[in-house]
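These protein sequence lines map, in sequence, to chains G and Z.
At position 264 of the first sequence the residue is numbered 263 (numbering that gives the first Met the number 0), and the sequence of numbers has no breaks.
At position 165 of the second sequence the residue is numbered 164 (numbering that gives the first Met the number 0), and the sequence of numbers has no breaks.
Mixed in with the good hints there might be a few duds.
[Stated by the list, open to error] Computed list of lysine to aspartate or glutamate pairs in EDC-like fashion (alpha-carbon distance at most 20 Å, straight line):
| hint | chain 1 | residue 1 | chain 2 | residue 2 |
| --- | --- | --- | --- | --- |
| 1 | Z | Lys15 | G | Asp393 |
| 2 | G | Lys248 | G | Glu87 |
| 3 | Z | Lys117 | G | Glu3 |
| 4 | G | Lys240 | G | Glu253 |
| 5 | Z | Lys117 | G | Asp321 |
| 6 | G | Lys251 | G | Glu84 |
| 7 | Z | Lys117 | Z | Glu127 |
| 8 | G | Lys388 | Z | Glu120 |
| 9 | G | Lys6 | Z | Glu120 |
| 10 | Z | Lys126 | G | Glu167 |
| 11 | Z | Lys59 | G | Asp393 |
| 12 | Z | Lys195 | Z | Asp6 |
| 13 | Z | Lys11 | G | Asp393 |
| 14 | Z | Lys74 | G | Asp95 |
| 15 | G | Lys90 | G | Glu3 |
| 16 | Z | Lys87 | G | Glu84 |
| 17 | Z | Lys59 | G | Glu3 |
| 18 | Z | Lys15 | G | Glu396 |
| 19 | G | Lys257 | G | Asp95 |
| 20 | Z | Lys11 | G | Asp321 |
| 21 | G | Lys215 | G | Asp147 |
| 22 | G | Lys257 | G | Glu396 |
| 23 | Z | Lys123 | G | Glu158 |
| 24 | G | Lys110 | G | Glu167 |
| 25 | G | Lys388 | Z | Asp58 |
| 26 | G | Lys257 | G | Glu87 |
By construction, these hints were calculated from the structure, which means they are not laboratory data.
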Amino acid sequence: MVLELIKVAFRSLKANKLRFILSMLGIIIGVAAVIAIISIGQGASQKITEQISALGSELITIFPGFKGGTRGKISTQVTNIFSLELAEDLKRLSPDVKNVTAVIQGGAYLKYKENNMMANVVAITPEFSEILNVSTQEGRFITNQDLDEYRKVVVLGQEVVNELFSGEDPLGKRIVVQYGNRKFMFEVIGVLEKKGQMMFFNFDNQIYIPVTTVMKRLTGAHYVSQYYAKAREGKAEEAIKQIEFILTKRLKDENLFKVFAQQQVIKAVGQATSTMVIMLAGIAGISLLVGGIGIMNIMLVSVVERTREIGIRKALGAKRRDILIQFLVEALIISFVGGVIGLLAGWIISAVVAHLNNWPVVLSPSSIILAVGFSMGVGLVFGLYPARKAARLDPVEALRYE
Amino acid sequence: MKRPLFDLKNVKKVYKMGDVEVPALRGINLTIEKGEFVAIIGHSGSGKSTLLSIMGCLDKPTEGKFFLDGEDVLKVSDNRLAIIRNQKIGFVFQQFNLLPRMTALENVEAPCIYAGIKRSERIKRAKELLERVGLEKERFYHYSNQLSGGQRQKVAIARALMNNPDIILADEPTGSLDTHSGDELMKIFVQLNEEKRAIILVTHEKYIADFARRIIHLRDGLIEGQNGA
Chain G
0 MVLELIKVAF RSLKANKLRF ILSMLGIIIG VAAVIAIISI GQGASQKITE
50 QISALGSELI TIFPGFKGGT RGKISTQVTN IFSLELAEDL KRLSPDVKNV
100 TAVIQGGAYL KYKENNMMAN VVAITPEFSE ILNVSTQEGR FITNQDLDEY
150 RKVVVLGQEV VNELFSGEDP LGKRIVVQYG NRKFMFEVIG VLEKKGQMMF
200 FNFDNQIYIP VTTVMKRLTG AHYVSQYYAK AREGKAEEAI KQIEFILTKR
250 LKDENLFKVF AQQQVIKAVG QATSTMVIML AGIAGISLLV GGIGIMNIML
300 VSVVERTREI GIRKALGAKR RDILIQFLVE ALIISFVGGV IGLLAGWIIS
350 AVVAHLNNWP VVLSPSSIIL AVGFSMGVGL VFGLYPARKA ARLDPVEALR
400 YE
Chain Z
0 MKRPLFDLKN VKKVYKMGDV EVPALRGINL TIEKGEFVAI IGHSGSGKST
50 LLSIMGCLDK PTEGKFFLDG EDVLKVSDNR LAIIRNQKIG FVFQQFNLLP
100 RMTALENVEA PCIYAGIKRS ERIKRAKELL ERVGLEKERF YHYSNQLSGG
150 QRQKVAIARA LMNNPDIILA DEPTGSLDTH SGDELMKIFV QLNEEKRAII
200 LVTHEKYIAD FARRIIHLRD GLIEGQNGA
């Protein structure tokens, strides 16, 4: 019986192909938008999470805090607290901290022969390599000896090599580093393996020099700009507590520093993207609703047009329920077929976007069920009124309808 | 006790057109027994189509009583009326009223779909009936708009017979046909009547009414006279 009704519904939809397609359009666009947004959002957040995890979930970042800012004073970042000795102490005193590196970030103007460029300078200790999972592809990384002797040696990122050396072997070459308004000659001792963009920095367009060289030779600073620490496997939370404890004891003020764990960042990013996705999907959902109104519109027209057919069917013994189901099935077919086409379209869109951004195509079964289910729900809700109208037609009047 | 097939008592029907009330039937008393062949004849506006609609349970009178096969059909549910139309009555209309976008065979099947009869059985019965009313086999799968008027009316009759009803109600069945097709159709009606089916036929043509064994004259919503029976 229902099978027959589906057949009849398909017939009448086939008889009005253009109208069928137009009435599906709203649903197609709505479902495609919802699917694409959810899939793109999930893909992006997965990609970001991957990037962050690639840095290691045991990574802990320690920044200086801000002071002042009360009573009309401008707050300034604390710069005179993070010494190299403190970094050593952190490593020594916290049982769950595996390693600590002190870092100074800055910018420099680089020159080799005719080539020149701007690059980020990261002044580091040898532990940086282990903490941030970076290693050299050629040559060697910065060693303790480099630090002890304040050597003017540099490890280059891949992009810097490409731009500065244009095919030449950089190892052993001397480049000019203009730091502030002073120039220094640095010897290239290594090239970092290609690492790409990770979170906030791009390892490939930076150069790495010993932190002591910056402090003693370049600027004379006594403090570094931040620490990176690595906790022991699975001990990130304990390590953070220990670091906070030690720093509070030493600095007597817990506002002078900030400790971030990578995991917190992953969580925060995940929450931010999912909030965004929910909001956008909600907006896309509205277009689904509009699509539903489109279905209702078409179905109402269809009911009026087929008044006579409804009258004939009633004369042949169709019950109200039979007519109701017939039109409801039609609305459901529109919304189902529209939903499936929209699903495919959304999948294609998200696959293209994922491909362009080099992240995974995520199409979770739950979002498929949600989108198709919701579109069919829309079809049901907006198909019900026209179908009821059809079912309640008076047989005699319907038969007389021209 | 023998109960009549149709038993109408003082049936009135008033149409409301805004504030104006237009009486279509002004008190019809009529009984028709099983297996009768009755023609209702009258000018247009005499109320004959309204009467047929009420007898076919498509419409309800404004006043009066109506028993169909002993059942007070004015007091039953819409669903029951649908079942009565489906099981007891076969309709034949002047405009054929075939279902659009469906083949001759599918049109004939339709009443059985609503009766819930399974497909193989339906198709078998529909083919038999189409053959019986004399539709050429190659036309079975033609859509209704590919058939001539005579062919369409044959399909309509086959469809009316699908659930083997006791009653055939025909509203000007020959009105859209040429004389030859009309004669052919009337012969089928005579045959059906010979099978003890009651035929109630509305027409304004004396010549068609003469096929019936009883003729009821309707004028301005009242029975003016009867002959036969």
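These are the hints, each one checked on the structure:
1. Z:Lys15 to G:Asp393: holds (15 Å)
2. G:Lys248 to G:Glu87: Distance of about 15 Å is within 20 Å: holds.
3. Z:Lys117 to G:Glu3: Holds, at about 11 Å.
4. G:Lys240 to G:Glu253: Between Lys240 of chain G and Glu253 of chain G the Cα gap is close to 12 Å, so the pair holds against 20 Å.
5. Z:Lys117 to G:Asp321: Holds. Lys117 of chain Z to Asp321 of chain G sits at ~16 Å (cutoff 20 Å).
6. G:Lys251 to G:Glu84: The given pair, whose Cα atoms are some 17 Å apart, holds under the 20 Å limit.
7. Z:Lys117 to Z:Glu127: holds (16 Å)
8. G:Lys388 to Z:Glu120: violated (33 Å)
9. G:Lys6 to Z:Glu120: With a Cα-Cα distance of about 18 Å, the restraint between Lys6 of chain G and Glu120 of chain Z holds, given a limit of 20 Å.
10. Z:Lys126 to G:Glu167: violated (89 Å)
11. Z:Lys59 to G:Asp393: holds (10 Å)
12. Z:Lys195 to Z:Asp6: holds (18 Å)
13. Z:Lys11 to G:Asp393: holds (19 Å)
14. Z:Lys74 to G:Asp95: At roughly 87 Å apart (the allowed maximum being 20 Å), Asp95 of chain G and Lys74 of chain Z break the hint.
15. G:Lys90 to G:Glu3: With a Cα-Cα distance of about 77 Å, the restraint between Lys90 of chain G and Glu3 of chain G is violated, given a limit of 20 Å.
16. Z:Lys87 to G:Glu84: violated (103 Å)
17. Z:Lys59 to G:Glu3: Measuring from Cα to Cα gives roughly 30 Å; hence the hint is violated.
18. Z:Lys15 to G:Glu396: Judged against 20 Å, a Cα distance of about 13 Å means the pair holds.
19. G:Lys257 to G:Asp95: Holds, at about 18 Å.
20. Z:Lys11 to G:Asp321: violated (31 Å)
21. G:Lys215 to G:Asp147: Status holds; Cα separation ~11 Å.
22. G:Lys257 to G:Glu396: Distance of about 79 Å is beyond 20 Å: violated.
23. Z:Lys123 to G:Glu158: Roughly 80 Å between the alpha carbons, so the hint for Lys123 of chain Z and Glu158 of chain G is violated.
24. G:Lys110 to G:Glu167: Given that 20 Å is the threshold and the Cα spacing comes to 14 Å, the pair holds.
25. G:Lys388 to Z:Asp58: holds (18 Å)
26. G:Lys257 to G:Glu87: Judged against 20 Å, a Cα distance of about 18 Å means the pair holds.
Violated hints, in rising order: 8, 10, 14, 15, 16, 17, 20, 22, 23; the structure is consistent with all others.
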